[in-house]
Amino acid sequence: GAVVSQHPSRVICKSGTSVKIECRSLDFQATTMFWYRQFPKQSLMLMATSNEGSKATYEQGVEKDKFLINHASLTLSTLTVTSAHPEDSSFYICSARDLRTGNTGELFFGEGSRLTVL
Amino acid sequence: GENVEQHPSTLSVQEGDSAVIKCTYSDSASNYFPWYKQELGKRPQLIIDIRSNVGEKKDQRIAVTLNKTAKHFSLHITETQPEDSAVYFCAASRDFGNEKLTFGTGTRLTIIP
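Just so you know, the protein sequences line up as chains R and Z, in that order.
Under the working numbering, the first residue of the first sequence is numbered 1, with each subsequent residue one higher.
Under the working numbering, the first residue of the second sequence is numbered 1, with each subsequent residue one higher.
Everything labelled a hint here was simulated from the structure, so no lab data went into it.
Predicted model only: the values in this text are computed from it and were never measured.
Backbone N, C-alpha and C define an ideal beta-carbon position, used for all residues, glycine too.
Hints may be right or wrong, so weigh each one.
Okay, derived cross-link-like pairs now, SDA-like style, lysine to any residue, Cα gap no bigger than 25 Å in a straight line [to be verified]:
id, chain 1, residue 1, chain 2, residue 2
1, R, Lys-64, Z, Gly-1
2, Z, Lys-42, R, Thr-75
3, Z, Lys-37, R, Lys-64
4, R, Lys-41, Z, His-72
5, Z, Lys-68, Z, Lys-42
6, Z, Lys-68, R, Thr-75
Here are the in silico distance ranges between beta carbons for each label pair [as the list claims (entries may be wrong)]:
id, chain 1, residue 1, chain 2, residue 2, range
7, R, Thr-31, Z, Ile-112, 40 to 46 Å
8, R, Lys-41, Z, Glu-83, 16 to 22 Å
9, R, Leu-26, Z, Lys-58, 15 to 21 Å
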């Protein structure tokens, strides 16, 4: 299947700093990528839809100035958690659909990034 | 927007027995229903999916049924094995293009040897 890679897998930062997480589709182009957040033992909550060449679409309740998303190319989307605070500590995971001809449109996930804010 | 509910939240079954997880959705326009398996510390992976023009789909020990009228769909795992232990998520979306997926709350399945 298609490969989505995410980096870093773990990051620890001090409160007030910003953290950037990268999501890459390695073997296919993705005009759209999805960023999810997952708390321990909880579901995948969609934060935003990242659109190549245009602004991201944020879900209700997600602060766009807090979680900056940039989709600069067809294979890369970044999520920047600005001025991180302990309550931002979570597992962030990106995903993209492989829509190449003949494929089912399955949603593939990156490895996830565990953010811990001290 | 779409709302997906999933039950039960935890499920324990004896090895060899069957497991059933159920989901309901709210958006009648949804027509794509995948199931994902997430092992501890790993990324979710698709195990089976179904589209609204099909009522049932089977892949070896795994099957999914869909009742579009009642807006619910279920995952059935037969002859369970220890490696089936994981968290399972159902999801729904309007189509399989670039529409967003809304996930259920997850079911932690434990297979008892």
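Distance restraint evaluation - Thr-31 of chain R, Ile-112 of chain Z, Cβ atoms, bounds 40 to 46 Å: holds (45 Å)
Given pair status - Thr-75 of chain R, Lys-42 of chain Z, alpha carbons within 25 Å: holds (22 Å)
Straight-line alpha-carbon gap Lys-41 of chain R to His-72 of chain Z, limit 25 Å: Roughly 23 Å between the alpha carbons, so the hint for Lys-41 of chain R and His-72 of chain Z holds.
Pairwise hint evaluation, Gly-1 of chain Z against Lys-64 of chain R, where the allowed Cα distance is 25 Å at most: holds (19 Å)
Lys-68 of chain Z paired with Thr-75 of chain R [C-alpha distance capped at 25 Å]: violated (35 Å)
Pair hint outcome, Lys-68 of chain Z versus Lys-42 of chain Z [Cα-Cα no greater than 25 Å]: violated (31 Å)
Distance restraint hint 16 to 22 Å, applied to the beta-carbon atoms of Lys-41 of chain R and Glu-83 of chain Z: Holds, since Lys-41 of chain R and Glu-83 of chain Z (Cβ atoms, about 20 Å apart) stay within the stated range.
Pairwise beta carbon distance, Leu-26 of chain R to Lys-58 of chain Z, judged against the given window 15 to 21 Å: Given range 15 to 21 Å: violated, Cβ gap about 31 Å.
Proposed proximity, Lys-64 of chain R with Lys-37 of chain Z (alpha carbon, max 25 Å): violated (30 Å)
In summary, the structure is inconsistent with hints 3, 5, 6 and 9 from the numbered list given earlier, while agreeing with the others.
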